[in-house]
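*Asks:* Spelled out, the chains give:
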Amino acid sequence: QQQVKQSPQSLIVQKGGISIINCAYENTAFDYFPWYQQFPGKGPALLIAIRPDVSEKKEGRFTISFNKSAKQFSLHIMDSQPGDSATYFCAASNRGANNLFFGTGTRLTVIP
Amino acid sequence: EPEVTQTPSHQVTQMGQEVILRCVPISNHLYFYWYRQILGQKVEFLVSFYNNEISEKSEIFDDQFSVERPDGSNFTLKIRSTKLEDSAMYFCASRQSGLDYGYTFGSGTRLTVV
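Heads up: the sequence lines are chains A and B, in that order.
Going by this note's numbering, the first residue of the first sequence is number 121, and it counts up by one from there.
Going by this note's numbering, the first residue of the second sequence is number 1263, and it counts up by one from there.
Source of the hints: derived by calculation from the structure; they are not laboratory data.
Computed from a predicted model, the values in this text were never measured in an experiment.
Among the clues, some could well be false.
In silico lysine to aspartate or glutamate, DMTMM-like type, Cα no more than 25 Å apart, as pairs [unchecked claim]: (1) A:162 x B:1265; (2) B:1345 x B:1330; (3) A:125 x B:1318; (4) B:1304 x A:146; (5) A:191 x B:1306; (6) A:162 x B:1330; (7) A:177 x B:1263; (8) A:162 x B:1263; (9) A:162 x B:1347; (10) A:178 x B:1263; (11) A:125 x B:1306; (12) A:135 x A:199; (13) B:1304 x A:204; (14) A:162 x B:1348; (15) B:1319 x A:151; (16) B:1319 x A:146; (17) A:125 x B:1321; (18) A:125 x B:1347; (19) A:162 x B:1306; (20) B:1340 x B:1315; (21) B:1304 x A:151.
Extracted from the complex, chain A is given alone in its bound form (with noise of 0.2 Å):
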């Protein structure tokens, strides 16, 4: 069973473009969604996280909607640079799994 569904798989966008990754999960007793970042070679690492209590969250050039109703929530990379090029993974939790689910992951490739 794939609880947290994760689109697209690969993604290419130019230098200053917008960089959308979805996610979709199952499980309505999720409480948290964190998005990691992972470059070749390297552990995940987090770049942004929301709780369902709020609609959006902002940091920088990263934002996360968040639609409960739907159970969906995307990334967003606003001005996307080369330096962003990486594997985007999203991920759900709750309190009672203590585990993180993730999902399939989200090469991105930011031409210059």
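Take the given structure of chain A and dock chain B to it, following the hints.
*Replies:* Frame of chain A, contents of chain B only:
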């Protein structure tokens, strides 16, 4: 900035051999985890550890796997008899207690079973 440290970075082992992957979590973190990532696939939960015992484990974490916190700083994952399909990147993670769900992942150990 505090880091989760994993050793070795790469381990090659023969099928059937035992391997031990080592991790040093962040010192004031109380929850410890092992995740794995088969090449090109998603990160999968293996096991969580709190208060010196396993708090949760996935279907992947069968009898071939075990975890231990032998002292106040190290956290280990042992695979007793490795299979080819155990080849993956293994990530250790830790987090503080309370409402902060901020996991910190290590850089991983690439395990290759031949």
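*Asks:* Is residue 1345 (chain B) within 25 Å of residue 1330 (chain B), Cα to Cα?
*Replies:* holds (21 Å)
*Asks:* Would you check the hint for residue 162 (chain A) and residue 1348 (chain B), treating anything up to 25 Å between C-alpha atoms as holding?
*Replies:* holds (19 Å)
*Asks:* Take the C-alpha atoms of residue 1319 (chain B) and residue 146 (chain A), compute the straight-line distance between them, and say whether it is at most 25 Å.
*Replies:* Measuring from Cα to Cα gives roughly 20 Å; hence the hint holds.
*Asks:* Next pair to validate is residue 1304 (chain B) with residue 151 (chain A); report whether the Cα-Cα distance is within 25 Å.
*Replies:* holds (21 Å)
*Asks:* Residue 162 (chain A) and residue 1265 (chain B): Cα distance at most 25 Å?
*Replies:* holds (12 Å)
*Asks:* Residue 162 (chain A) and residue 1263 (chain B) were given as a pair; does the straight-line alpha-carbon distance stay at or below 25 Å?
*Replies:* With Cα atoms ~16 Å apart, residue 162 (chain A) and residue 1263 (chain B) stay inside 25 Å; holds.
*Asks:* Quick one, are residue 178 (chain A) and residue 1263 (chain B) close enough, alpha carbons at most 25 Å?
*Replies:* holds (22 Å)
*Asks:* Residue 162 (chain A) and residue 1330 (chain B): Cα distance at most 25 Å?
*Replies:* holds (24 Å)
*Asks:* CA of residue 1340 (chain B) to CA of residue 1315 (chain B), is that 25 Å or under?
*Replies:* Holds: residue 1340 (chain B) and residue 1315 (chain B) sit about 15 Å apart, inside 25 Å.
*Asks:* Next pair to validate is residue 177 (chain A) with residue 1263 (chain B); report whether the Cα-Cα distance is within 25 Å.
*Replies:* Holds, at roughly 24 Å.
*Asks:* Checking one constraint from the list: CA of residue 125 (chain A) to CA of residue 1347 (chain B), max 25 Å. Satisfied?
*Replies:* Holds. Residue 125 (chain A) to residue 1347 (chain B) sits at ~24 Å (cutoff 25 Å).
*Asks:* Checking one constraint from the list: CA of residue 1304 (chain B) to CA of residue 204 (chain A), max 25 Å. Satisfied?
*Replies:* OK: residue 1304 (chain B) and residue 204 (chain A) at ~19 Å, within 25 Å.
Going down the numbered hints, you'll see the structure goes against none, and every one checks out.
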